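Engineer: Given next are the chains, with one letter for each unit.
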Amino acid sequence: MSTLTLRNICKRYQNDNYAVKDFNLEISDQEFIIFVGPSGCGKSTTLRMIAGLEEISGGELWIDGELSNYLEPKERNLSMVFQNYALYPNMTVYDNMAFALKVRKMPKKQIDEKVQEAARILEIEHLLERYPKALSGGQKQRVAIGSAIVRNPKLFLMDEPLSNLDAKLRAQMRVELSKLHKELGTTMIYVTHDQTEAMTLGTRIVVMKAGEVSQVDSPQVLYQHPVNKFVAGFIGSPSMNFLDVSLYRGYDVENQKTYLTIEDHPVYLLEKTARLLKEKGYHRSKVTFGIRPEDIYTEEGKEANPKLEYSEAMQVTIIARELLGAEVMLYFDLEGIQFCARVEPENQTRAGEKLKVYFDLNRIHLFDMETEQTLNL
Amino acid sequence: MKKKPSLLERTRAYGFLLPCILIFAIFLFYPFFKTIFLSLYKTNKMGQAKLFVGIGNYMDLLTSSSFYNSLKVTLIFVVIVVVGSMAIGLLGAVLCNKAFPGIRAFSTAYALPMAIASSSAAMIFKIILHPSVGILNKLTGLNINWVSDPKYALVCVAILTAWLNSGINFLYFSAGLGNIDESIYERASVDGASPIQQFFHLTLPGLSPIMFYTLVVNIIQAFQSFGQVKILTQGGPGESTNLIVYSIYRDAFFNYRFGSAAAQSVILFVIVMILTLVMFKIEKKGVKY
Ligand SMILES: Nc1ncnc2c1ncn2[C@@H]1O[C@H](COP(=O)(O)OP(=O)(O)OP(=O)(O)O)[C@@H](O)[C@H]1O
Ligand SMILES: [Mg+2]
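For the protein sequence lines, the chains are A and B, in the order given. Here the working numbering is used: position 149 in the first sequence is 149, and no number is missing along the way. Here the working numbering is used: position 216 in the second sequence is 216, and no number is missing along the way.
These are computed hints drawn from the structure, not numbers from a lab. For clarity, every value in this text was computed on a predicted model and none was experimentally measured. Everything hinted at is true.
Taking CB as the label site, the calculated pair distances span:
| id | chain 1 | residue 1 | chain 2 | residue 2 | range |
| --- | --- | --- | --- | --- | --- |
| 1 | B | Gly-178 | A | Gln-373 | 44 to 50 Å |
| 2 | B | Ala-105 | A | Glu-125 | 51 to 57 Å |
| 3 | A | Glu-129 | B | Met-114 | 37 to 43 Å |
| 4 | B | Arg-104 | A | Ser-57 | 22 to 28 Å |
| 5 | A | Ser-57 | B | Ile-271 | 58 to 64 Å |
| 6 | B | Gly-178 | A | Ala-171 | 39 to 45 Å |
| 7 | A | Gly-137 | B | Ala-105 | 37 to 43 Å |
Here are the computed lysine-lysine pairs in the DSBU-like style, where the Cα-Cα straight-line distance is at most 30 Å:
| id | chain 1 | residue 1 | chain 2 | residue 2 |
| --- | --- | --- | --- | --- |
| 8 | A | Lys-133 | B | Lys-98 |
| 9 | A | Lys-21 | B | Lys-98 |
| 10 | A | Lys-102 | B | Lys-284 |
| 11 | B | Lys-284 | A | Lys-133 |
| 12 | B | Lys-98 | A | Lys-74 |
| 13 | A | Lys-257 | A | Lys-280 |
We put the beta carbon where it would ideally sit given N, CA and C, even for glycine.
Just need the whole structure built from these sequences, with the hints factored in.
Structural biologist: Here it is, written out as structure tokens:
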């Protein structure tokens with residue numbers, strides 16, 4: 001049960017670059033916070049500062065209302081899964097998992113119960129007598145998770161705990177972790193590269209880029225209303241399609257509607273979008289246009305969702321088709337940039353064929369070309 | 001089917017080995033077998049075998065109280081030296097395992113004994129331990145004649161030797177500590193282990209593979225200590241520091257009893273051999289990871 005406040009947390013190593021810069025976050029009790037971001041953006045560093053393994057160069061860390069910048073790791077009462085597992089090579093799996101409890105002088109019987117229970121959840125009961133050397137990467141990872149969850153800490157810190165598991169096991173563990181979080185109600189901070197994990201597990205997601213927080217929000221908001229192009233492109237898979245376009249305000253066409261052109265086709269923006277743009281002073285300028293693959297519709301898709309507002313039809317030539325089980329991805333070029341559209345599996349369009357596509361006008365994202373901030377938010 | 005190597009090939013192989021074999025033969029095998037040979041004879045002053053006595057030399061030794069004293073003194077000496085030198089080396093290595101300003105100076109200081117000849121170290125200690133001008137008595141205010149008092153002489157020599165041998169142990173242990181993954185300490189500190197618990201649960205077990213090797217080398221080295229005894233105490237006072245190696249030296253080059261000296265050498269060899277074999281046996285059982 002704990003709250004955590006990070007106020008302007010910074011980390012600098014010997015060189016003058018910031019590994020983490022002005023990290024602000026307020027985490028309330030029982031939250032499941034996800035850190036995502038490209039490799040090297042400072043996720044592990046932030047986690048390690050919270051754990052007390054890395055000195056905080058600037059800012060304040062409050063755990064349960066207590067300023068904790070200078071607390072020893074063991075005084076913080078957290079439990080952590082390390083990115084590189086950090087198993088004790090001289091101890092069996094059992095002892096690895098029991099270690100944190102042993103040093104806390106918990107009675108042997110109780111330790112045994114906890115370890116057996118964790119081993120059962122993680123399906124490593126048959127490995128308890130082995131040494132870490134004799135484990136596969138995925139098994140090591142599960143032991144590392146096991147060592148963390150046998151305890152009842154204030155806060156769980158997990159650094160890519162499922163990265164080495166196969167897809168099936170990963171899905172299973174995801175469910176287990178979510179269950180565990182519900183049962184224990186312990187606050188969690190979880191680093192991952194996996195979109196599904198981020199979207200399904202997190203109550204809030206922190207998107208980081210080059211040591212700075214880009215956006216913190218619930219998965220839904222993050223997905224539908226990214227604050228900038230980076231977040232828009234990072235969240236979602238396959239990622240959003242981007243294209244630099246020119247914005248116009250028609251004088252003679254259709255009641256002075258604002259529109260942008262893609263391959264000389266006008267795409268008329270909705271009134272509310274146009275107003276937002278105008279308020280921000282963006283008419284007749286170049287902007288970046290973005291749309292997610294699932295917001296591009298075919299004729300059939302359009303008919304199936306008659307309530308949505310669509311752009312005019314745009315004729316494209318399909319260059320590739322990908323069947324991903326329950327859905328089909330179609331690839332085509334617009335102004336030399338490759339676009340991806342997720343369409344219904346019945347669609348039979350082959351590479352080389354022509355197809356009419358429509359954009360869902362409510363799901364169009366527009367970004368400033370320089371600052372990359374979202375304009376229609 | 002592999003073809004049998006031709007005669008030429010085989011000869012060539014031995015040809016390559018020849019220099020090595022030759023050097024071993026001259027400096028190792030010949031003296032070794034000569035020693036065994038001599039131990040079965042009474043010799044003249046030139047060390048030539050004159051009278052075959054069979055195991056007579058050994059019988060003499062086994063009934064001599066002086067020899068038993070030598071054995072006992074050697075045993076005590078070896079225990080103090082091995083424990084002491086490993087403790088000093090380990091302590092130094094653990095202290096120097098963290099990066100801090102001046103680490104190089106400290107590391108050099110801990111490894112230094114390795115570079116000091118035992119006899120010159122003994123000379124320095126002779127001055128330090130001197131009853132009237134020695135700095136030890138001056139600092140402690142005691143008035144003890146360290147190397148001339150049978151109570152202290154052996155301990156003094158042993159501690160000097162422990163310090164001398166600690167240099168190489170420092171290196172071994174430093175290398176061993178370098179092999180321990182830093183991140184397990186991080187996990188241990190998050191897990192709530194105190195530094196002492198970390199030392200006993202992680203550091204010591206992590207050193208166990210190199211610990212064994214160091215132990216064997218140390219024991220053998222301790223058995224062979226000579227220079228410091230020769231300079232500091234000459235086996236005295238009485239026979240209180242008459243280690244086997246020193247006793248061999250005395251028998252051979254003072255008393256000209258080469259036969260007896262050879263027999264002692266053989267016994268020393270057998271003891272070290274057995275100890276080493278036993279330790280390897282134990283190690284095989286004790287290897288955990
Ligand atoms: N000890 C160090 N000295 C200097 N720079 C460091 C050190 N440790 C990390 N960094 C730098 O800090 C930045 C953040 O590293 P961090 O390990 O937090 O990345 P990450 O987001 O966890 O990446 P990944 O997803 O690959 O694990 C990186 O640019 C890295 O090079
Ligand atoms: Mg990382």
